[in-house]
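4 protein chains.
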Amino acid sequence: MTASALAARFRGVRAASRALLRGLSPEDCAAQSMPDASPAKWHLAHTTWFFETFVLEAHEPGFAPSQPAYRALFNSYYQAIGAPFTRAKRGLLTRPSLDDVQHWRNDVDARIERLLDGADAAQFAAVAPLIELGLQHEQQHQELIVTDVKHLLAQNPLAPAWNLTLPTREAVAASTASAPADATAGRTAFAAARANSAAAPPPTERRWIRRPAGIVEIGHGGPGFAFDNEAPRHRVFLEAHALASHCVTAGEYLDFIRAGGYAQSQWWLAEGWDWIRREAIAHPLYWIAPGADAATAADGWREFTLAGTRPLDGAAPVCHLSGYEADAYARWTGARLPTEAEWEAAATAQPDAFADLAGAVWQWTASGYSPYPGFRPDAGAVGEYNGKFMVNQYVLRGGSIATPPGHARPTYRNFFPASARWQFTGLRLARD
Amino acid sequence: MTASALAARFRGVRAASRALLRGLSPEDCAAQSMPDASPAKWHLAHTTWFFETFVLEAHEPGFAPSQPAYRALFNSYYQAIGAPFTRAKRGLLTRPSLDDVQHWRNDVDARIERLLDGADAAQFAAVAPLIELGLQHEQQHQELIVTDVKHLLAQNPLAPAWNLTLPTREAVAASTASAPADATAGRTAFAAARANSAAAPPPTERRWIRRPAGIVEIGHGGPGFAFDNEAPRHRVFLEAHALASHCVTAGEYLDFIRAGGYAQSQWWLAEGWDWIRREAIAHPLYWIAPGADAATAADGWREFTLAGTRPLDGAAPVCHLSGYEADAYARWTGARLPTEAEWEAAATAQPDAFADLAGAVWQWTASGYSPYPGFRPDAGAVGEYNGKFMVNQYVLRGGSIATPPGHARPTYRNFFPASARWQFTGLRLARD
Amino acid sequence: MTASALAARFRGVRAASRALLRGLSPEDCAAQSMPDASPAKWHLAHTTWFFETFVLEAHEPGFAPSQPAYRALFNSYYQAIGAPFTRAKRGLLTRPSLDDVQHWRNDVDARIERLLDGADAAQFAAVAPLIELGLQHEQQHQELIVTDVKHLLAQNPLAPAWNLTLPTREAVAASTASAPADATAGRTAFAAARANSAAAPPPTERRWIRRPAGIVEIGHGGPGFAFDNEAPRHRVFLEAHALASHCVTAGEYLDFIRAGGYAQSQWWLAEGWDWIRREAIAHPLYWIAPGADAATAADGWREFTLAGTRPLDGAAPVCHLSGYEADAYARWTGARLPTEAEWEAAATAQPDAFADLAGAVWQWTASGYSPYPGFRPDAGAVGEYNGKFMVNQYVLRGGSIATPPGHARPTYRNFFPASARWQFTGLRLARD
Amino acid sequence: MTASALAARFRGVRAASRALLRGLSPEDCAAQSMPDASPAKWHLAHTTWFFETFVLEAHEPGFAPSQPAYRALFNSYYQAIGAPFTRAKRGLLTRPSLDDVQHWRNDVDARIERLLDGADAAQFAAVAPLIELGLQHEQQHQELIVTDVKHLLAQNPLAPAWNLTLPTREAVAASTASAPADATAGRTAFAAARANSAAAPPPTERRWIRRPAGIVEIGHGGPGFAFDNEAPRHRVFLEAHALASHCVTAGEYLDFIRAGGYAQSQWWLAEGWDWIRREAIAHPLYWIAPGADAATAADGWREFTLAGTRPLDGAAPVCHLSGYEADAYARWTGARLPTEAEWEAAATAQPDAFADLAGAVWQWTASGYSPYPGFRPDAGAVGEYNGKFMVNQYVLRGGSIATPPGHARPTYRNFFPASARWQFTGLRLARD
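Protein chains in written order, with our numbering: chain A, 7 to 438; chain B, 7 to 438; chain C, 7 to 438; chain D, 7 to 438.
Keep in mind that the hints were calculated from the coordinates and are not lab data.
Take the hints with a grain of salt, since some may be wrong.
If chains are identical, the list can't say which one is meant, so a pair holds when it fits in one copy or spans any two.
[What the hints assert, rightly or not] In the SDA-like style, the derived pairs of lysine to any residue whose C-alpha atoms are separated by at most 25 Å in a straight line are:
1) Lys95 - His240
2) Lys95 - Arg111
3) Lys95 - Glu66
4) Lys95 - Ala75
5) Lys95 - Phe381
6) Lys95 - Phe233
7) Lys95 - Glu277
8) Lys95 - Ala313
9) Lys95 - Asn392
10) Lys95 - His109
11) Lys95 - Arg17
12) Lys95 - Pro71
13) Lys95 - Gln161
14) Lys95 - Arg283
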């Protein structure tokens with residue numbers, strides 16, 4: 007990629023972050039609904055901090071931070087950079103204002119572009135990977151802006167509608183992996199197959215796709231971008247198994263609820279059972295049971311969406327599930343969650359056999375988030391990006407409607423604790 | 007008071023709330039720094055809710071709520087009105103916006119004025135006390151806006167300065183009790199004496215004012231406004247005692263710190279001792295110890311104020327003390343906190359003998375917040391205003407620099423839990 | 007009192023502690039059911055610690071602690087003695103064993119008796135008050151052994167019966183204040199009147215006893231023993247009021263439950279309302295609602311007692327109430343809780359007019375636990391006994407069936423937080 | 007195995023549980039030091055409950071529970087059997103007494119023996135696997151008795167010594183897998199190799215044992231006993247790696263502490279870093295830093311052991327480590343934790359190359375506790391034994407000095423949360 011192509015991509019990704027904020031007020035962008043979520047303004051600032059700290063500070067001639075106090079304020083968790091501001095208090099940072107943050111973004115953007123413009127080949131070779139990492143990082147935060155603002159608005163009894171237009175499942179799926187050129191056959195096929203997703207059989211015709219026993223290779227090994235946690239490419243032995251052609255739908259999940267699944271301990275991991283009872287959980291996040299309020303009494307199940315509250319769409323992939331719920335549902339049907347190796351091997355080998363591999367919901371796997379054999383974190387503070395979270399989290403594969411087009415890959419490892427529900431998370435079944 | 011005079015007073019108090027927000031952004035007005043504090047926007051909305059619920063709903067012909075959803079959203083704690091929105095989540099109400107709330111205020115203001123304008127004598131007699139109650143209520147929230155926003159800004163490492171000009175101690179003291187006419191001699195004298203406060207001897211000449219044993223009358227009994235918890239006027243027997251002419255200063259309190267007071271259990275109530283150790287408290291809220299950061303290393307003690315961080319003012323009354331700290335300091339000096347009856351009797355009988363009775367800091371007393379003999383809450387939902395909080399709180403007397411001029415009275419009973427520190431709270435010593 | 011009389015009294019009180027443990031196993035004596043309760047073994051050890059620390063250490067020639075490690079282990083909360091062992095972990099002290107503790111008790115007992123035996127007049131004058139304080143202290147812990155073991159056994163689904171015989175209400179009431187000679191007329195009359203308690207009209211004939219306005223004297227001023235918190239005797243002005251002749255009965259309280267009192271916010275202090283909802287409280291502690299288990303389905307209300315589970319005794323004074331519940335019940339009837347001054351003045355002036363002043367249940371008052379005017383704690387570490395708890399607790403008056411005969415007095419100030427329910431606590435109504 | 011051989015084995019295992027209690031008082035056996043630990047008496051009762059519920063109830067002619075209330079009281083977590091008694095309150099079950107529990111044990115033992123004695127071949131075939139499961143279960147609880155009582159005694163400032171003699175590391179290792187006959191070559195070799203453990207090179211000569219890439223088979227597939235979570239035997243592909251010949255010693259771990267490892271975030275998983283700071287952890291559980299108390303001031307590091315407090319044994323395998331600490335130490339040395347497949351393959355293939363495979367400490371692995379491909383829980387309520395805990399726990403391999411001889415196997419999967427420290431847990435290093 008040339009410097010000017012990278013600059014154009016830089017402008018595009020940065021503009022996409024700002025575009026997400028249309029229809030939101032400064033207050034909407036400043037509030038924090040829970041410690042796990044962050045204000046949209048914080049996401050804008052933190053992604054800017056990433057470029058200033060990891061690109062400009064190391065490579066800009068005569069670098070001086072434009073706002074020294076921001077270095078701690080918008081550090082997320084990089085201990086090597088210094089003590090970050092308390093995560094749970096991000097919603098109290100009413101200063102700097104959204105305008106102030108936007109001015110800082112503009113300043114950093116201009117400096118990044120100047121850096122690219124003036125870079126010779128050696129300099130470009132040094133900064134380009136960091137800028138690409140910053141853009142991939144920013145795209146991750148774009149998805150978090152969607153999930154975090156949705157969670158915030160859902161706390162409001164006014165159930166406000168956010169006038170945000172996300173790409174359709176088909177559009178996101180089609181563009182997946184279209185970003186940097188990549189010679190890996192699997193990845194290209196995956197991307198192409200996503201374009202056929204709309205033509206896949208409807209969920210009512212879900213089929214089991216058999217997958218043979220044998221050694222597969224998974225993980226990132228090609229020339230394109232990947233996070234450090236996707237490497238190295240390595241061999242895994244899989245016993246024979248089968249994967250479902252489609253994700254589980256909301257309507258199918260509703261059958262589990264109606265059959266009393268949340269009141270029957272036998273489907274649940276012990277920790278999940280304790281969790282649903284302690285938290286009084288009886289359905290996926292954002293679902294509203296009939297009779298829960300006046301509006302739902304006559305209407306059956308409803309759900310809070312980016313467009314406000316509306317009747318539950320039973321045909322769509324079930325979403326906003328915790329890992330506990332995904333696991334319990336799978337057990338109820340006599341199936342199980344796939345491992346990440348099963349998922350990746352199938353998605354790479356037979357992308358056209360599966361619907362909703364990407365573009366719909368992230369799919370919980372049975373795989374704890376652990377290092378691949380031979381894993382090496384990136385050098386320096388950037389090495390804190392992924393590896394230090396490899397405990398008590400579970401891998402999700404695929405990509406959701408909120409994943410920026412082109413961001414996900416077949417080797418992509420998303421990860422969250424089993425109790426997380428505010429992401430766009432669902433499941434695909436597997437069986438031995 | 008005539009209807010037009012009341013309307014003018016109404017406009018003045020309502021305008022004073024808005025005036026407090028100068029220099030604050032919409033984000034500053036929307037965030038909530040802790041469950042005990044509320045966003046400024048919420049205060050604006052809740053005081054409006056009070057007028058709509060307790061005045062318009064009962065007395066406006068053809069009443070219909072302009073925003074039905076606000077009835078629950080901005081209810082603070084009146085169970086008789088319905089389930090209020092969760093207190094700890096007020097900072098998540100990014101909708102309605104500050105503008106929306108201001109439009110609602112304008113609508114309610116216009117309707118209140120129309121109601122006053124069209125009221126005959128009987129109607130005026132019915133609504134005037136409720137409007138006066140609403141105005142007194144709004145003035146209480148004006149002080150809370152100051153304390154809550156100060157607490158919010160203090161969480162921000164940028165230590166932003168709020169360009170808010172409060173009246174001087176002398177000005178607040180001078181105007182105390184100047185609002186509705188009041189025939190009670192004590193109250194008038196109290197108000198007059200406050201004007202002399204500036205002429206009182208400086209704190210370095212603090213004297214003990216002896217007060218004899220005998221029966222005193224305390225509580226509200228005259229024609230002016232008072233909250234239900236100030237009535238009825240009743241007799242109390244006081245043994246002989248003495249009260250300090252001045253409040254304890256920050257400099258005097260610093261002596262307690264330097265003498266190791268926070269490390270010596272003998273000065274502390276057991277609950278206070280547990281509290282300072284559990285919360286790692288070693289000085290009043292907003293104080294910054296020398297060496298705590300770069301700025302204070304060379305400067306000695308500093309404090310966060312409405313004007314940002316600055317050197318500690320040792321001559322000012324010590325402020326932002328919990329009741330535990332006030333009690334420990336008093337014990338360290340060999341004195342004690344006064345009871346509320348001692349305070350009120352002295353302030354009424356000898357107002358010119360004491361400095362800073364009002365206009366500086368609220369003064370912790372040793373009196374638990376309990377009903378006076380014969381106490382009767384107001385009828386209806388308004389009766390939840392005060393009485394139901396009469397447990398595990400302590401009475402504070404006087405009034406602070408953030409108390410709106412004319413709001414406090416010698417009979418005024420402010421109350422907070424012993425652990426509260428974010429109000430403008432200090433102490434005056436007493437001894438047997 | 008002579009040395010030999012005091013020695014006899016010492017032997018009697020110490021033996022009474024041991025007698026309480028009949029029918030309990032070593033495990034029963036070692037477990038701790040909640041942080042507020044302590045194991046019976048700990049009570050035996052702590053009361054021994056009190057004598058060793060405050061009597062022997064100061065007055066025994068050539069004193070050396072028999073078990074140096076016990077000094078921290080069985081210190082309750084005396085900071086001046088050193089850091090006590092963590093209160094919530096007392097149930098983990100399986101060593102020393104109950105036998106070891108009993109041997110230590112025997113050793114300390116023998117040394118106390120030797121000290122008394124060898125004391126000249128001056129020495130006796132120095133140690134006698136400390137020994138008397140230790141005995142009063144031990145009697146307080148005797149009541150705690152009963153309440154703490156009852157709480158422990160109540161946690162056990164086997165609902166074990168404790169073969170403990172407590173004196174009847176009449177016997178305890180009759181002997182109240184019979185201990186050290188006391189010239190105070192009120193106290194003597196109080197004691198005498200208690201003997202008539204059994205002849206008082208039954209609860210169904212409860213009457214209001216009118217009490218006039220005026221100055222009364224309360225507090226301890228005579229020669230007999232009293233805790234420091236009962237002094238000094240001082241004057242209080244009381245407005246006219248009335249007190250109920252009897253305590254509220256369980257049957258009367260059941261009417262409040264059946265009328266829906268636990269579901270109606272208007273009767274409750276805000277803090278109490280939050281508390282019953284958070285803790286899912288719907289009746290007094292140890293009551294078992296009909297249908298709560300198989301045994302109660304056919305039987306109506308039952309209660310866990312020292313004799314196991316049995317049908318609720320509706321004629322007995324209601325017991326195991328929190329202060330919140332006592333206050334809510336009083337408000338439901340249109341009455342209120344008495345102040346401690348009202349209670350003491352009435353109990354002293356008209357002891358024969360009231361039933362169950364002592365010997366049945368401790369009676370919640372509306373009075374926060376505060377120092378009397380002129381209060382001075384005892385000198386030295388013993389001064390931590392009472393004064394440092396004077397915040398966020400409420401005074402209870404009277405005495406329960408578990409109070410050792412002769413221990414209570416009309417001036418006695420018991421105190422607990424408003425949420426405490428495991429003591430034998432009920433209420434007597436008052437009204438203006 | 008014949009019925010009489012099984013009966014003999016039954017008697018032996020049951021007697022071993024009782025033997026553990028020598029030197030403990032009834033109080034020692036009844037207390038519970040934390041929710042994760044259980045009283046020794048509870049372990050005795052629960053293992054008895056297991057035989058009564060899963061063997062006698064299904065197979066004893068005319069079965070009637072000897073103590074119906076015990077069915078809920080001593081159920082650990084089997085939801086299918088009914089609601090268990092609250093885990094955190096097991097220490098409050100002072101009734102039944104230790105004697106009562108022992109009588110119940112004797113009764114159940116006699117009935118089990120009668121059942122075996124009277125069983126025909128078909129009946130024996132049905133009950134023998136359940137009895138064997140009950141014995142393996144009891145052996146697990148034998149190890150928990152040791153760890154739980156050690157934790158309890160450690161809370162006591164008296165640091166009592168428990169006169170418990172455990173087998174030496176060599177003896178436990180030698181007898182590992184010696185129990186039921188087993189044709190699996192690996193297992194036999196493992197057992198034999200353990201006998202050579204004492205002859206292994208001392209820790210100072212620790213070597214890296216290289217292991218080649220390739221497919222290995224792990225899991226239980228032979229005829230002997232194994233828990234359901236060890237099956238089925240299946241293939242795993244391992245990349246080339248190396249394992250350390252010895253476990254990490256306490257002395258080596260001390261180097262990490264002295265190098266400041268607990269103050270350097272770069273070695274820690276983010277969750278571990280938060281954990282050590284929140285819990286103020288600076289060394290393994292039961293270690294006592296120099297200067298922490300009078301006894302250690304002059305002595306250097308000490309540790310609390312089953313024999314009381316004594317100088318730290320630097321040559322022994324480091325023990326009482328959390329998974330976080332094991333992981334951090336490994337990273338500090340540039341190595342990593344092994345996976346469970348690496349561990350099992352090496353232990354099976356080259357048992358004589360490694361010291362302390364069993365008999366010293368359980369060894370943390372990097373493997374989340376997940377089902378093997380094709381895992382099927384046992385049928386019925388017994389199926390809750392293992393599978394429902396397969397989330398947020400990590401597998402440990404090997405066996406400790408407290409593991410009953412003959413209980414562990416190369417395929418054995420122990421599992422605990424990463425924060426658990428009170429088990430006998432250490433680590434063996436691996437590297438790519």
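Verification of the hints:
no.	hint	verdict
1	Lys95 - His240	neither (41 Å within a copy, 48 Å between copies)
2	Lys95 - Arg111	within (22 Å within a copy, 30 Å between copies)
3	Lys95 - Glu66	neither (31 Å within a copy, 43 Å between copies)
4	Lys95 - Ala75	within (16 Å within a copy, 28 Å between copies)
5	Lys95 - Phe381	neither (33 Å within a copy, 42 Å between copies)
6	Lys95 - Phe233	neither (28 Å within a copy, 37 Å between copies)
7	Lys95 - Glu277	between (28 Å within a copy, 19 Å between copies)
8	Lys95 - Ala313	between (28 Å within a copy, 22 Å between copies)
9	Lys95 - Asn392	within (23 Å within a copy, 32 Å between copies)
10	Lys95 - His109	within (23 Å within a copy, 30 Å between copies)
11	Lys95 - Arg17	neither (30 Å within a copy, 37 Å between copies)
12	Lys95 - Pro71	within (23 Å within a copy, 35 Å between copies)
13	Lys95 - Gln161	both (18 Å within a copy, 8 Å between copies)
14	Lys95 - Arg283	between (28 Å within a copy, 19 Å between copies)
Going down the numbered hints, you'll see the structure goes against 1, 3, 5, 6 and 11, while the others check out.
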